[in-house]
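From just these sequences and the hints, can you work out the full model?
Protein chains: 2
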Amino acid sequence: MKLYHYWRSSSSWRVRWALAYKKVAYEGVAVDLLSGESDSETHLARHPFGYVPVMEIEGQMLTESLAMIRYLEDVHPKPSLLGEGLNPIARARIVELAETINADTQPLQNLDPQFLHSDDPEKRKAWAKHWIVRGLTAYERLCSKTAGKFSVGDSLSVADLCLVPQLYNARRYEVDLSPYTTIARIEKNCADLESYRASEPSKFEPKKV
Amino acid sequence: MKLYHYWRSSSSWRVRWALAYKKVAYEGVAVDLLSGESDSETHLARHPFGYVPVMEIEGQMLTESLAMIRYLEDVHPKPSLLGEGLNPIARARIVELAETINADTQPLQNLDPQFLHSDDPEKRKAWAKHWIVRGLTAYERLCSKTAGKFSVGDSLSVADLCLVPQLYNARRYEVDLSPYTTIARIEKNCADLESYRASEPSKFEPKKV
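Going down the list, the protein sequences come from chains A and B. Numbered per my numbering, the first sequence spans residues 4 to 212. Numbered per my numbering, the second sequence spans residues 4 to 212.
Check each hint, because a few of them may be wrong.
Chain copies aren't distinguished; within one or between two, either way the pair holds.
To be verified - Lysine to any residue pairs mimicking SDA-like chemistry, simulated, CA-CA at most 20 Å apart: (1) Lys126 with Lys206; (2) Lys5 with Ile92; (3) Lys210 with Asp35; (4) Lys148 with Pro51; (5) Lys128 with Asp115; (6) Lys211 with Asp35; (7) Lys5 with His79; (8) Lys132 with Asp115; (9) Lys132 with Ser121; (10) Lys126 with Val178; (11) Lys148 with Gly62; (12) Lys206 with Ser121; (13) Lys206 with Leu37; (14) Lys191 with His133.
Hints were generated in silico from the structure; no laboratory data involved.
This is the structure:
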């Protein structure tokens, strides 16, 4: 199994984290989002938008981080990231929180809509901040009813794997995170995990020559 | 079970369709997106963004259409919408296609980013078309490898439930759908289903007085 990824991409981190948590071996292939490599013919053959991550499974290319995590859950069910063994409402809460980031925050704050919106770097930054603040405000309200140690109860789930990399993006855009007290507690508990440390961006930062 | 929804909302249609396909009884409550009702305190207490749909289950409010479909699949597993019985790659393809619409198309073409982008109706329309064309182009390429009668093989799945309502939005924005030949075949097969006819927008259009 290969994972095409970029060290700072929040969606890439989700999948690296899932692989580390489930202790699945893979070959990581860095795709540079800044040099134009991600928009090369080679990479567009892997992903219609030229995005990362892409998972290569038996020669097939799979896009969408949540599809990769669904695949990993089926092939390596334990430890579960989708709430196996929880009741249907708790399992639905995991999807609700994951999609609050995956669908309603990350794609909106991403570079493509920023650049379609404006040529002005300040306007792009304001655009990204708007969607991140909106998304985290919703997440905080939703998770304050479901969180234990993690976003839903006391087990790590795909909701946490979406949330924490989004916080990394939030800091890059200088979003004030102080209003999000439940989120802060969840992040602290995540940062104690070995799978977090094995997957977080700085671990994959290209060495300066 | 109650479903707060709006007749033309594509995400609402996904959930109405899932309910009809699984033959689950529910009470539908219309929330008007045009009159300001969706941004009222009452509705913001149900959904942090003031969006529809919202599913009320035992007094709890659940947001995110894919979370509702996850819940319905757990409580009413048959007929499956998430590829029960298929191999892990096919199940992942269902998620990949669903998220290509749910995360990478619909939120970007939605009204909130349109209005944050521009006060000019023509610019808003161009914005929406851009994301719809990009999303459907990706979907066509991906589903051309997986489709049978429906997006993945010969069984209806959540991928189809995301795709077909997005086509309804595409027509509202006058997107040329002629390049998408696999998608056209899938839509035709969907339109033959009783659950499609029971859930499609015109069925829920408010009567003119």
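A quick look at each hint next to the structure:
1. In this assembly of identical chains, Lys126 and Lys206 lie within 20 Å of each other by CA distance neither inside one copy nor across copies; the values are 31 Å within and 42 Å between.
2. When the C-alpha separation of Lys5 and Ile92 is checked against a cutoff of 20 Å, the pair qualifies only between copies, where the shortest distance is 15 Å, while the shortest distance within a copy is 34 Å.
3. Taking the shortest alpha-carbon separations for Lys210 and Asp35, only the intra-copy value of 13 Å comes in at or below 20 Å, while the best inter-copy value is 54 Å.
4. Taking the shortest alpha-carbon separations for Lys148 and Pro51, only the inter-copy value of 13 Å comes in at or below 20 Å, while the best intra-copy value is 38 Å.
5. For the homomeric pair Lys128 and Asp115, the shortest alpha-carbon distances inside one copy (13 Å) and between copies (17 Å) are both at most 20 Å.
6. In the homo-oligomer, the alpha carbons of Lys211 and Asp35 lie at most 20 Å apart inside one protomer (14 Å), although the nearest pairing across protomers, at 55 Å, exceeds that limit.
7. In this assembly of identical chains, the alpha carbons of Lys5 and His79 lie at most 20 Å apart only when taken from the same copy (16 Å versus 36 Å across copies).
8. Taking the shortest alpha-carbon separations for Lys132 and Asp115, both the intra-copy value of 15 Å and the inter-copy value of 14 Å come in at or below 20 Å.
9. In this assembly of identical chains, Lys132 and Ser121 lie within 20 Å of each other by CA distance both inside one copy and across copies; the values are 14 Å within and 17 Å between.
10. In this assembly of identical chains, Lys126 and Val178 lie within 20 Å of each other by CA distance solely inside one copy; the values are 15 Å within and 28 Å between copies.
11. For the identical chains of this complex, Lys148 and Gly62 are inter-copy neighbours only, at 14 Å across copies versus 42 Å inside a copy, given an alpha-carbon limit of 20 Å.
12. Taking CA atoms no more than 20 Å apart as the test, Lys206 paired with Ser121 passes in neither setting, with 32 Å inside one copy and 40 Å between copies.
13. Proximity of Lys206 and Leu37 under a CA criterion of 20 Å is satisfied intra-copy only: 18 Å inside one chain copy versus 48 Å between copies.
14. Taking identical chains as interchangeable, the C-alpha atoms of Lys191 and His133 are never at most 20 Å apart, the minima being 24 Å within one chain and 39 Å between chains.
Violated hints, in rising order: 1, 12, 14; the structure is consistent with all others.
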